[in-house]
Amino acid sequence: MAKKKLTESRRKFLKVSLGAFLSGALTSCDLSRFKNPKTMVKSPIGPNILRPPGAVPEDHFAQKCIRCGRCGEVCPYHCIKYFDVKEAGVFSGTPYINVMEKPCYLCMKCVYVCPTGSLVPCAKEDVRMGVAVINRQICVTWQQEKTGLMCKTCFSVCPFSGVAIKIDHDFRPYIVEENCTGCGICAYSCIADTWYENKGKKAITIMPIKWKKIKEIKLEDIKKS
Amino acid sequence: MARKSFWKRITIWRYLFLTACFITVVGNPFTNYYWDINFIQGWFQSLGVGNLWVVSPLEGIESILTAKAFYMPSLVGMVVPVTLAFLMGRVFCSWMCPIEFLSMITDKILGLIPKWGTKLKYRPDLIRFPKRLLWFALVAELLLTMIVGYPLFVWWSPPGLVGRETMFYVFYKHITVEIAIVVLVLLLNLPTRRMFCRYFCPLGATLALIGKWRQLVIRYDASVCVGCKVCDSRCPMGIKPSVGESQSVYCWNCAECVDACPTSALNFVWRDKGVLKVSSFPVAEERKS
Chain S
0 MAKKKLTESR
10 RKFLKVSLGA
20 FLSGALTSCD
30 LSRFKNPKTM
40 VKSPIGPNIL
50 RPPGAVPEDH
60 FAQKCIRCGR
70 CGEVCPYHCI
80 KYFDVKEAGV
90 FSGTPYINVM
100 EKPCYLCMKC
110 VYVCPTGSLV
120 PCAKEDVRMG
130 VAVINRQICV
140 TWQQEKTGLM
150 CKTCFSVCPF
160 SGVAIKIDHD
170 FRPYIVEENC
180 TGCGICAYSC
190 IADTWYENKG
200 KKAITIMPIK
210 WKKIKEIKLE
220 DIKKS
Chain F
0 MARKSFWKRI
10 TIWRYLFLTA
20 CFITVVGNPF
30 TNYYWDINFI
40 QGWFQSLGVG
50 NLWVVSPLEG
60 IESILTAKAF
70 YMPSLVGMVV
80 PVTLAFLMGR
90 VFCSWMCPIE
100 FLSMITDKIL
110 GLIPKWGTKL
120 KYRPDLIRFP
130 KRLLWFALVA
140 ELLLTMIVGY
150 PLFVWWSPPG
160 LVGRETMFYV
170 FYKHITVEIA
180 IVVLVLLLNL
190 PTRRMFCRYF
200 CPLGATLALI
210 GKWRQLVIRY
220 DASVCVGCKV
230 CDSRCPMGIK
240 PSVGESQSVY
250 CWNCAECVDA
260 CPTSALNFVW
270 RDKGVLKVSS
280 FPVAEERKS
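Read top to bottom, the protein sequences are chains S and F. According to numbering that gives the first Met the number 0, the first sequence is numbered sequentially starting from 0. According to numbering that gives the first Met the number 0, the second sequence is numbered sequentially starting from 0.
By construction, these hints were calculated from the structure, which means they are not laboratory data. Since we're looking at a predicted model, the values are computed, not measured. Please note: incorrect hints may appear among the correct ones.
[Claimed, not checked] With a straight-line cut-off of 30 Å between C-alpha atoms, the simulated BS3-like cross-links for lysine-lysine are:
#: 1; chain 1: S; residue 1: Lys-14; chain 2: F; residue 2: Lys-130
#: 2; chain 1: F; residue 1: Lys-130; chain 2: S; residue 2: Lys-41
#: 3; chain 1: S; residue 1: Lys-11; chain 2: F; residue 2: Lys-172
#: 4; chain 1: S; residue 1: Lys-198; chain 2: S; residue 2: Lys-123
[Said to hold, decoys possible] Pairwise CB distance ranges (calculated):
#: 5; chain 1: F; residue 1: Val-147; chain 2: S; residue 2: Pro-120; range: 27 to 37 Å
#: 6; chain 1: S; residue 1: Ser-160; chain 2: F; residue 2: Thr-82; range: 30 to 40 Å
#: 7; chain 1: F; residue 1: Leu-64; chain 2: S; residue 2: His-168; range: 24 to 34 Å
#: 8; chain 1: F; residue 1: Leu-208; chain 2: S; residue 2: Gly-161; range: 51 to 61 Å
#: 9; chain 1: S; residue 1: Phe-159; chain 2: F; residue 2: Gly-148; range: 29 to 39 Å
#: 10; chain 1: S; residue 1: Glu-124; chain 2: F; residue 2: Met-71; range: 23 to 33 Å
#: 11; chain 1: F; residue 1: Trp-12; chain 2: S; residue 2: Tyr-76; range: 32 to 42 Å
#: 12; chain 1: S; residue 1: Ser-160; chain 2: F; residue 2: Tyr-168; range: 31 to 41 Å
#: 13; chain 1: S; residue 1: Glu-86; chain 2: F; residue 2: Ser-247; range: 21 to 31 Å
#: 14; chain 1: F; residue 1: Lys-172; chain 2: S; residue 2: Pro-46; range: 43 to 53 Å
Don't be surprised by glycine CBs; every beta carbon is placed ideally from N, CA and C.
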């Protein structure tokens, strides 16, 4: 009799705890995402949301990364952040850099602490986190006839100034795609959003390159992205 | 024989070591964030102390299985924990794991309750599963990882989450929903002591599997034993040393039974030493005769 009672209470306990766990897990997740399960396995990398320097191609980054968080801990600028499970599904806990919040200053500390080779040690100039794209409709210097401004911010802040960003005879900036590291300092410091007609839009976006190894990236791939 | 004097108890050293490890893991986000001291980084998924890299074996294996590529530093990082497991078995679980630290603290707090303290501290198991469930947990975890194609334990590993949530709190001023897993694991301790560690922890299963060939074991001396069965009630893993289970694969060398034994019938020995002792007897007898 006592044994039966114990079994019953045990079953009850198991049921209650399982139910509590499931309901907790379900309510803590954004249910609208479950309508489209693809969002849970789709890479959240996109414009201005980039992997840290030296990252392996995006199609096996999440498989290699063991989410140890060491890259974020050594980053002296605290610009490496981690995806949340609600936004990124299986990509949760993998590092990213949002260049609009804080760009990468290419100190190259994170690549030397990665234990699984998700971030491969490489030289500063070999980093290809993405490629900067200038929107010439928004850039105040490209629209200098309308704005009357001559801004060289992106040219002066670029760590490879004169190599990755050059200015032409009218002081208009243009990107040399094969040298751009995609660090995002230019996009971060672009002042085009303060021009009243642009409504807070920045002229430079960093587009990620996520489907090839660093050494295999060719000019056509960069131009395609 | 009376109880061992305070500093001679092995469990005291275990508690101190657990606390030190917990402080290291929880404290290193603070040193990294506020003082930029990068000497220690990460937590128990991968811990970097200076130039020493330690990669947790299960996470490393999962990373290799899903990425289908080897990376030498990652393999080298797995050498230290695997060697430790070969020598001493599941000591990571009992001497370092932050979850074990939190469970130990909860048990100690429960023990402070007057009148009921000892009963609550060494509570009998309400829910029991067969112990081999541990292996099924490991196999299920690895299979699920292979099916999904992304490493899963790196995300939900409770010892890792303790460090991760601290780091998130320090660096990004928020904690994530995964903290629920840690809370759940600690709640599972209430019906059965260390229920998660006993039956469901894939990392513990990996270490126990390696620790099958461990050198440091607890020897049960039946000639000294008086059969008081204190060790059975003390063991957090639900092993019964009094019936000779002290060298079982599921033992995690936490020394609770060694300290509880009033007649020192249970002792830590190096397995090789024990073998040598047995074989040396006939030799000695031959010399005498």
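Do the hints match the structure? See the list:
1. S:Lys-14 with F:Lys-130: holds (21 Å)
2. F:Lys-130 with S:Lys-41: It is violated: about 38 Å lies between the C-alpha atoms, which goes past 30 Å.
3. S:Lys-11 with F:Lys-172: violated (38 Å)
4. S:Lys-198 with S:Lys-123: violated (34 Å)
5. F:Val-147 with S:Pro-120: 27 to 37 Å: holds (29 Å)
6. S:Ser-160 with F:Thr-82: 30 to 40 Å: For S:Ser-160 and F:Thr-82 the Cβ distance comes to about 50 Å; the hint is violated.
7. F:Leu-64 with S:His-168: 24 to 34 Å: violated (56 Å)
8. F:Leu-208 with S:Gly-161: 51 to 61 Å: holds (58 Å)
9. S:Phe-159 with F:Gly-148: 29 to 39 Å: Since the Cβ atoms of S:Phe-159 and F:Gly-148 sit about 37 Å apart, the hinted range of 29 to 39 Å holds.
10. S:Glu-124 with F:Met-71: 23 to 33 Å: Distance hint for S:Glu-124, F:Met-71 holds at roughly 25 Å.
11. F:Trp-12 with S:Tyr-76: 32 to 42 Å: About 41 Å separates the Cβ atoms of F:Trp-12 and S:Tyr-76, which means 32 to 42 Å holds.
12. S:Ser-160 with F:Tyr-168: 31 to 41 Å: holds (38 Å)
13. S:Glu-86 with F:Ser-247: 21 to 31 Å: violated (44 Å)
14. F:Lys-172 with S:Pro-46: 43 to 53 Å: Since the Cβ atoms of F:Lys-172 and S:Pro-46 sit about 26 Å apart, the hinted range of 43 to 53 Å is violated.
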